[in-house]
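K.L.:
Here's the letter readout for the chains.
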Amino acid sequence: MMNALRLVRGRLFGLLHKGEVEAAIAEELRFHLEMRTQDNIAQGMSIADARREATRRIGNIPAIKDACRDVSGGGELEVLWQDVRFAARMLVRDRGFTAIAVVALALGIGANTALFTVMSNVLLRPLPFVESHKIISIWGRESDRRGDDRMQLSYPDFQDLQARNSSFTGIGGYAAGRFIIQPPAGEVSEVQGARVTSGVFEVLGTKPFLGRTFTAGEDEAGSRAVMISHQLWQQRFAANPDLTCATMLIDAQEYSVIGVMPPDFRFPVQNAASQIWVTFARDREPLGASPPATTRRDAHFVYAIGRLKPNVAIRAAEADLNAIARDVATKHPETSARFRACACAPLLADLTKSVRPALLMLLGAALCVFCVACVNVANLLLARSNMRLKEIAIRAALGAGRRRILRQLLTESLLLAVLGGSVGLLLAVWGTHWIVAWLPPNFPRLTEITPDARVLSFTCLITLATSCFFGFAPAWRCAHCDIAALLNSESYGANSSRRGRRLRHLLVVTEMALSFVLLVGAGCLLRALWKLESGSAGFNAQHLIAANISLADPGGLEAPDRSARFYQELLPRIAKLKEVDSVSAVYPLPFTAQTMVADFEIIGQRIPKPDWPRARAHAITLNYFQTMEIPLLKGRDFDERDRREGKQVVIINDTLARTYFPNEDPLGKWIRPGLTDSGVTPEREIIGVVGDVKGAGLATEQRAEVYIPHPQCASSNMTLVVRSDVALEPLIQALRRVVQEMDGQAPLCAISPMEDYLAADIAQPRLNSGLLATFAAVAVLLSAIGVYGVTSYSVMQRRHEIGIRLALGAQKLAVFRLVVSEGVRLILWSVIAGSVVAFCATPLLRGFGYGSGGNESSTIVAVMLLLITVGCVACGLPAHRAAGDDPLAAIGQR
Amino acid sequence: MLILKSLQHGEMHGYGIAKRIQQLAQDALTVEEGSLYPALRRLTQRGWTKSEWALSDRNQRAQYYSLTRSGRKQLDLEEENWDRLSAAVHRVMRSV
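Here the protein sequences come in this chain order: V and A. Residue numbers for the first sequence follow our numbering, so the first one is -17 and each next one is one higher. Residue numbers for the second sequence follow our numbering, so the first one is 2 and each next one is one higher.
Since the hints were derived computationally from the structure, they do not count as laboratory data. This structure is a prediction, so every number in the text was calculated from the model and none was measured. Heads up, some of the hints might be wrong.
[Claimed, not checked] Once the Cα atoms are required to be at most 25 Å apart in a straight line, the calculated BS3-like pairs of lysine-lysine come out as:
(1) V:0 <-> A:20
(2) V:629 <-> V:591
(3) A:6 <-> A:20
(4) A:74 <-> V:47
[Unchecked claim] Taking beta-carbon pairs under 10 Å as the criterion, some of the chain A residues facing chain V (in silico):
(5) 11
(6) 40
(7) 43
(8) 46
(9) 54
(10) 63
(11) 83
(12) 85
(13) 86
(14) 88
(15) 89
Ideal Cβ positions, reconstructed from N, Cα and C, are used throughout, including at glycine.
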């Protein structure tokens, strides 16, 4: 080992300091000669004789110098350096070829590396918790049949699972939310946070940065302990290491800070970064007249995670939990209607479930582009090596060994690959930034996507692989060519053998077929995207602003009344502002992550409770439908008559009306949605039907929706929706002023135009289609270059023959057809191959939710036409040049 | 091995080593003197000798070679091997 190092160091020195080494060798020998000469003179010889004798004795000086150089000189390294310099000269000489090859490689490598960065960081990198592969998400399900919807747990169900399971060392529950905080020396603001049980931090394994985590006792009602994030600690508590007096107001109650989490700690992973963590203590206290949410088995709002015991498999854990769930369902049939089974999934897989198929598809597409790029470069290299055969034959004749030639040619392809790889890496870094900028904010692990060592080694690996892949075959052929035959032949390139031509054709067909498949995929995605974008959300999102507002202190028992009164006063004040056209409030806002879902009983139809249909529910104030511009189809809107104590009413959407009241008029019928703010779920009369709104996202199926007037379901968190033509800033100022006047403690937060929410909803399909279309375009471009290259090359080879034909009177058109026929045949083959592959691949595409039936065939036909056109142009150009050639020059060409 | 031996007692330049070997072998060996230099460089490359420029006693610049610690170890090793080899050959040749 040490020897090898010393050897390399010596060689490196010899390479870099060639002059010094030469001088040293010469000086040593000169010294020796001098000394010997002087000794000889001392023995009595004449000066000339002395010198002659010394020179004779020392031996063959050039040979000695050579031998010394062999030992101390650059050796292998120098040969390598010579090869590199030669390769570089060759590449510079054929600038056009080099440029195309480097660009092709850069595009292929860049695309792959960018996507691999995203994939590696999102799908592969373990979550930053202790042994994160043991952390499992636990969901509730209606039955243990495959494919049933998963849902959150209710608090009592969670407690049962926690107490009775035998597969987990610990289970923790959590629910994310937004909180209004006021730190000791600061102003009120709204932050993202989560309610957690004390078991959560044990499951995650992360130790706090300062202080401690929750104890089991702090889960009980009455506790007011909070843990804060490192960022919050630095910003609002001045990084004070003493926590004994640290307190803050959260939702108008005082909490004491018991711990600070480390800087990069992020939980729940799927939401925006939480700044505070509290226990479910407050949920255990009654709110208004209703019992605490933590005692209700029909309020499913708890997410759960658990840490598997060692040597317990996830399936076994799921079976264990299933048994408990079944037991619970038997004991509490009424309230545990929906919870009869459990689903377990590793946390990382769970988080990335929604994006994994798309990412994998994009990676597949990037690999296709990479293959196309490699095939392109291989083709180019084959053609080029053919042309250089004569030159190489000369060098072999002058004494270059086969291995040396092979090594030189491989160095060329390695240099090409390194160039392409470096440019590709730059492209990848830029591409990654670009992708991250376009991803929607709720993309899992968005902030963790950065290039890392894994990606770098991946790039190096594929760079080396490409150089071996496309460089080896031509190099081998060149090194083992028949020297004599080549030197004797007339043309400057070998007559291409049958096998060589077939190989090149095969490569071109492969390229085009791959591009075909990519184009079809892109076409399907783009069609689906267009359908999505042109579909209606159900309301007019333009000039519409949404802003969250929460009452700081809901007020315990009187909460619903206070909320109702607050909003009843606030909204008319806002409506009076000159900047505002119309205003209303709603909870929850469509197109956000907030949802409220209620099962409802249809009075008159005898359906048992477990089978009650489900609807998305909204609490709205007056003027909601006008502000959102949702059409009122039947009946009337809510008005001042619908007060808290009055008749309980509800408005339903078109889908609900058509699904559950198909042949009758829903107006006047009664349903009982399981929503309440007081513990009582009254029957409500349907007084109106409105148009559908795709609240869960443009790509989702339309669900039934119910709207309840705010006074009758008074939530203290609402989202204001304001229609206004005015610029954003002045509007926000005006709104803030009004809200401040009414309640200084209620901040206005999360203000953004509705269009932003719609854009975020569509961001991912848009990015997917955009990327796939880019890949497809690159692939088509490369294939076109491939076809162009092949045709040009064959034209060049046959120039002599074409010249003779022209001279003998052939029509230009005939010559054109002659050349083009070869290219057209290739194109037809590739189109056929591509269609076959595309047909087989369409079920895959459907798996990603895009494309359906007829769309695909028309897309395939369109792509066929496109590729045929592109291919014809690509081989038409050289053919046109050939036909217009000067016959004399062509014949004279050797 | 001969070079290592001649450096055993101190550092020397190339010419000195040549003269010394000639002296010790009492003219029984004639080594082509030039081949000394590649050999010296090989020894240096393997870490058994090290070289540095210094002024000779006639005030001329020359490369002086000296044994390193591993060089001394190597010398001992080779001496041992040589003794064993020559003893064996001697036994064979002297047997009747």
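K.L.:
For every hint, state whether the structure bears it out.
P.N.:
Here is how each hint holds up against the structure:
1. V:0 <-> A:20: At roughly 30 Å apart (the allowed maximum being 25 Å), residue 20 of chain A and residue 0 of chain V break the hint.
2. V:629 <-> V:591: With Cα atoms ~24 Å apart, residue 629 of chain V and residue 591 of chain V stay inside 25 Å; holds.
3. A:6 <-> A:20: The given pair, whose Cα atoms are some 13 Å apart, holds under the 25 Å limit.
4. A:74 <-> V:47: Violated, at roughly 29 Å.
5. 11: 18 Å, violated
6. 40: Since the shortest Cβ distance to chain V is 9 Å, the answer is holds.
7. 43: At about 5 Å, which falls below the 10 Å cut-off, the nearest Cβ of chain V leaves the hint on residue 43 of chain A intact, so it holds.
8. 46: 5 Å, holds
9. 54: 9 Å, holds
10. 63: 5 Å, holds
11. 83: 23 Å, violated
12. 85: 25 Å, violated
13. 86: 25 Å, violated
14. 88: 30 Å, violated
15. 89: Violated, about 29 Å.
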